[in-house]
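Enquirer: Each chain, written out:
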Amino acid sequence: MISLLLVVLPIIIGIELLLIKSENVKQWAFIQSLVVFGISLVPYFSFQPTADYQFVFSQPWFPEAGLTIKLGIDGISYLLVLLTTFLTPLIILSSFKHQYKNANVFYALIMFMQAALLGVFMAMDALLFYIFWELALIPVYFLSALWGGENRVKITFKFFLYTVVGSLFMLAAIAYIYFQTPGSHSFDVAEFYTVILSDDSQRWLFWCFFIAFAIKMPVFPFHTWQPDTYTVSPTPATMLLSGIMLKMGIYGVIRWLLPVVPFGVECYGGIAVGLSIIGIVYASFLAIIQKDAKRLVAYSSIAHVGLIAAGVFVLNSQGMEGAVIQMLSHGVNVVGLFFILDIISSKTGTRQIEELGGIANKAPHFAVLFMIIMMASVALPLTNGFIGEFMLLMGVFKYSVWGAVFAGLTIILGAIYMLNTYKKVMFGPESAATIGFSDIGVNEKAVLIPIVIMIFWIGLYPKTFTDIAQPAVEQLVNIINK
Amino acid sequence: MNALVSLSVLGVIALISGLFSLRKMVIPISVIGLIAVIGLSVADWDSSLRWYNDMLFINNYSIVFTSLMAFTTLLIVLLYSNQADSLDVPIAETVALLIFALTGAMVMVSFSNLTMLFLGIEIMSISVYILAGSRKRDFFSNEAALKYFLMGAFATGIILFGIALLYGVTGSFHLTGIKQYVINNVNTLPSIFYAGVLLVMVGMAFKISAVPFHFWAPDVYQGAPTVVTAFMATVVKTAGIAALYRLFSEAFGDIEGYWAKTLMIISALTMTVGNISAVVQTSVKRTLAYSSIGHAGYFLLAIFSMGNNSANAILLYAAAYSLASVVLFLGVIMVEGQTKDDSFEGFNGLAKRNPLLAFGIAVALFSMAGIPPAAGFMAKFSVFSAAISKNYVWMVILAVVNSCIGIFYYFRIIKAMYMADPTSEEKLSLSSIQNTVLVLTCILTILLGIAPGLILNLI
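Taken in sequence, the protein lines are chains A and B.
Our numbering puts the first residue of the first sequence at 1, with every later residue one more than the last.
Our numbering puts the first residue of the second sequence at 1, with every later residue one more than the last.
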């Protein structure tokens, strides 16, 4: 029941926000999203450390057509559910300083988005997964296209078209596999794991799934929509896209690609690893030359996600576990980074790195928090980034030494562009734009401090989170290597 | 049969009421009449009836399609109630013609004898030829009527030729007779029989505007009064598809191997040409015409694959497509009426001028594009899975690619409505009837998307 509640409640909240049109819609949205977060914590206390799905809700929808509403939580999906419910209140809180017109629609869309994301992470039925996957796209498209910056219509449309194209291929693949399942056919995840698919069909099925997921992550060369969309979207939408939606792609690979078409992965997994590593190096170099800080973070996000994708496709438990942890860490860190950029740009009116400088003197608290989040994103030991990236690199290393060498560039190059940015923005002489910079207030701290706590929590004691995911990860690795 | 008789009587009543200056009553009478027709046809549920010496065969298949088309006509008649002034033909005649066309369509989905198929096509087509030209003093309307008539007459002739050949070989007009002949002589069918099948197929392809027999469609859709275009895009197309499926599944189901490939090529061409041509249009009506060609391709996908669920898939698709088309054409009517312009710019800023209409159009476009939770998604999904169940994987991939192209031009309208600035600040208001139609179709579109089981297992 609780899994159903987690999908339905945000929808109800969204509808309610649409209807009430209150002046205090932000506060309302924030409080109610906290309630959702609270509910999502409940399963933690009765969570069994096994690989099975728990809290399963199953209700036939159209048995004749094989459609079932089947939701459940296992270790991997629970971490992502927590990530979603944890980040949504922070994202709402981070937007308090902005006045969006039609604010009730804005926050309702965020809540609809949350419902769809939670549905994606909990769906145990392939068609249901697909439906939530598509549903997640619509709110964020409108968030970006209606409240975005310059040139938004064209850019967000490209984003929309790109992702829909990918997911339609996935739909074809899902329908094909459905008809291969024995008996009266089923979309159930367990059926998908045991269905026998011919080698030839697995080859094309792999690409159908891979393109859908690769576009969402995005993996090189399917990334071209991403920098523009991240840059042009309003910050809450960018956070949703980078913090959570991107994880849909990785989750899709882990849940629906690797165990379903193992032979396809065996054939083409190497290409996927290769593309991911090319993406890491390529995006890191592009990040170095960016002048717009938001764009820089967008490219760094491609690099980080490339490493996660590589870790997933090497098919060993280190890579997989690293990917799960790094999904959490990256979600937390990137939301923090985008919020910091949002603070800077709303206080100074610019995101151009060259026009900034000397903020550290003016705003010491801000400087410290920014420093910690930046350190986490360059994977310094003791922070969350280190745990995840270390495990990922270990996984890639076991697969290929040269792969690990190039993938390791993400840390080195990441340090270059992040530290360089920090130096230029925070130190040095004050510029015209930063002369009046005041330190952050309670509101900003309320967003950044939970993020910093998470950074250290995962960095110092990752066991809290790995324990949840480990059995499920091990079972998946067994299924894949069977 | 009651439904068919009462529908014909309803048409005559509508016509006569024009004579006795009961013009105000035409719409209410026909609305009540159409509801009664739906009720009468549903009353025959589950009672396979053969009427008039087995000329018509009423089963659940014909009942659901009859009801769907009658319901669509009902919505269009309601929309027409505000449009009466824009046409030169009096309201009684127009409504009567719509009802006669529906009668023909009803015969087309209920036939069990090829002569009835021919009669149904003729009854429907002739009414629509006149309707297409009902803006008498408009050059484009005249052009549309003439083109449609010439092309349509040829197509009917070709169908008739095909029927004659089939009769010559099999000695029967009855679907069951033809089927029996095919079973008995499955390996020794003369080539003239296949020629007959092919000619009927070509003629029907004309009627549903499948490529390469589609050239009339854009001009006719654009030139005809928009209400009539809405009727052609929904009822006429549904009737053609349903008749085609009935004919091929009942009579030629056993020699599927001979015609499925031909129909597959037609389907592939239809969806590709339709969707690609739609992208480059500047007029919304022309775009919708090409999009309707593209949808014919998806329909054909379900027909040639002849999967277990094909009939249900066609029904769901026809329902989703008709509902969405009604809303889209309502949008075109309103925008065209205000700006005298059917280009995409006319839709600019519609979300500010009339949020409800813009939202309804957006839902309809989502449905057309096949994005959940609108009905179009479930419809596309069931059509695609009908094809995949018969292993037509490449066709489905082509259809998927075409759906992506479709999103491109459907979203041009959404972008214009929500993201462009309005060209004029003037509000666009709908009458209460139009609002009702709008809200009703929206609710149905989403309902069918969430609960396709409502109609998915009827046949």
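Mixed in with the good hints there might be a few duds.
As the list claims (entries may be wrong) - EDC-like cross-link-like pairs, simulated, lysine to aspartate or glutamate; straight-line CA separation at most 20 Å:
no.	chain 1	residue 1	chain 2	residue 2
1	A	Lys101	B	Asp421
2	B	Lys340	B	Asp219
3	A	Lys154	B	Asp421
4	A	Lys154	B	Glu345
In case anyone wonders, no lab produced these hints; they're calculated from the structure.
Enquirer: So, for every hint listed, does it hold in this structure?
Expert: Okay, the hints, checked on the actual structure:
For the proposed pair Lys101(A) and Asp421(B), the alpha carbon gap of about 16 Å is at most 20 Å, so the pair holds. A C-alpha spacing of about 18 Å is found between Lys340(B) and Asp219(B), which places the hinted pair at or below 20 Å, so the restraint holds. Restraint check for Lys154(A) and Asp421(B): the C-alpha separation of about 15 Å stays at or below 20 Å, so the hint holds. With a C-alpha separation of about 16 Å, the suggested pair Lys154(A) and Glu345(B) falls inside the 20 Å cut-off, and the hint holds.
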